[in-house]
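S.K.: Chain by chain, the residues run as shown.
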Amino acid sequence: MASRETDSVRGNFVLLRAGSLRLLLPQAEVGAAIYLEPRPVAGTAPGLLQSPDGEDARAFFALSPRMGLGRQCPPDRFVGAPFTNDPATVWCWSELRVMIDASLQWQPLPAILCGSGSPLSSFTVLDNEPVFACGADALLAAALTRGVDDEA
Amino acid sequence: MRPDVDLSAGASAQPGTRAIARLLAWAPGRWVALPPHTTLEVIERPQPVAVPGAPRHALGLLAWQRQWLPMIDLRALLENGAPASTRPPYALIVAWQPAPGARVAHGALALDALPETVSVDDSAACPLSQDDGIEWTGRALACFSHAGRPVPILDTGSLLNASQ
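As you go down the protein sequences, you meet chains A and B in turn.
Every letter in the first sequence is one number past the one before it in the numbering used here, and letter 79, counting from 1, is 79.
Every number in the numbering used here is 1000 more than the matching position in the second sequence, counting from 1.
Treat the hints as calculated values from the structure; they're not laboratory data.
Watch out, some of these pointers could steer you wrong.
Unchecked claim - Covered stretches of chain A, going by a simulated chain B footprint (3 or more residues, C-beta under 8 Å):
no., region
1, 70-79
2, 90-97
3, 122-131
To be verified - Computed list of chain B residues with no C-beta within reach of chain A, every gap over 12 Å:
no., residue
4, P1048
5, S1085
6, D1121
7, R1149
From the three backbone atoms N, C-alpha and C, an ideal C-beta is built for every residue, glycine too.
Please build the complete structure, drawing on both the sequences and the hints.
M.R.: In structure tokens form, the structure reads like this:
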């Protein structure tokens, strides 16, 4: 798609997909990926997941497509990665794609689509679909603010 | 055919006497109107990409002619409620000019039914409704009476440029 009022940015990014939601974070904010085998299970608090066999002591979160926290780890989440600002928490994703030296055209989200407190303000287009720019801190804050998403 | 609806409205309007308007039903028995030059195309079965954290009336980004347009549910916006469906049957592509000399901007309105084209006489002008619970100030340019109901003429730019 062609862009209007675009901002060209070149750098290293990681595309993270949670169901239908696609996010693009700076690579420096995303830690090493792991395969989620077996998948995490519900933990001691709603939205908090844990390793089923206790071998991985880290906490797990599964982001919903609405940027809330899932009560369960959806079946399509097979790859996990922590954010570098919180290595003790692993986020569960449907897809993780590292993009090195990528040149991206960011477009601002139309104001009418920007909710108060939303961490999303711009997007780019990859594979003919929008991908939203987000930072790890903002994503965490938004997910914790939204809390458990029962429609996840 | 309703006697107040002129379906031969493809003919050019006579300035000062009659004008063409697109009627959009945003709720049962409730309409808004748009100037025809602001309405570009109807998309069947639109598939907007949801934007997390967006206001409830925002259905997401809709692909149209190499652009991604904001798509909103008009009823949800006007009534400050939730959309009846995230998959409406139609989307109307609309255009506006944000400022003199600025590039034309586009957006999409979710519709449950196809727009009607009507011919409106100057004598149908009426005040904006004050008792329907909708804040029309800043959203409507004028109003006319149709089928016994006031029909605000939307200011497309004000509607779709608004931030929340």
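S.K.: If a hint holds in the structure, say so; if it does not, say that too.
M.R.: Cross-check of the supplied hints:
no.: 1; hint: 70-79; result: violated (count 0)
no.: 2; hint: 90-97; result: violated (count 0)
no.: 3; hint: 122-131; result: holds (count 5)
no.: 4; hint: P1048; result: violated, 10 Å
no.: 5; hint: S1085; result: holds, 15 Å
no.: 6; hint: D1121; result: holds, 33 Å
no.: 7; hint: R1149; result: holds, 26 Å
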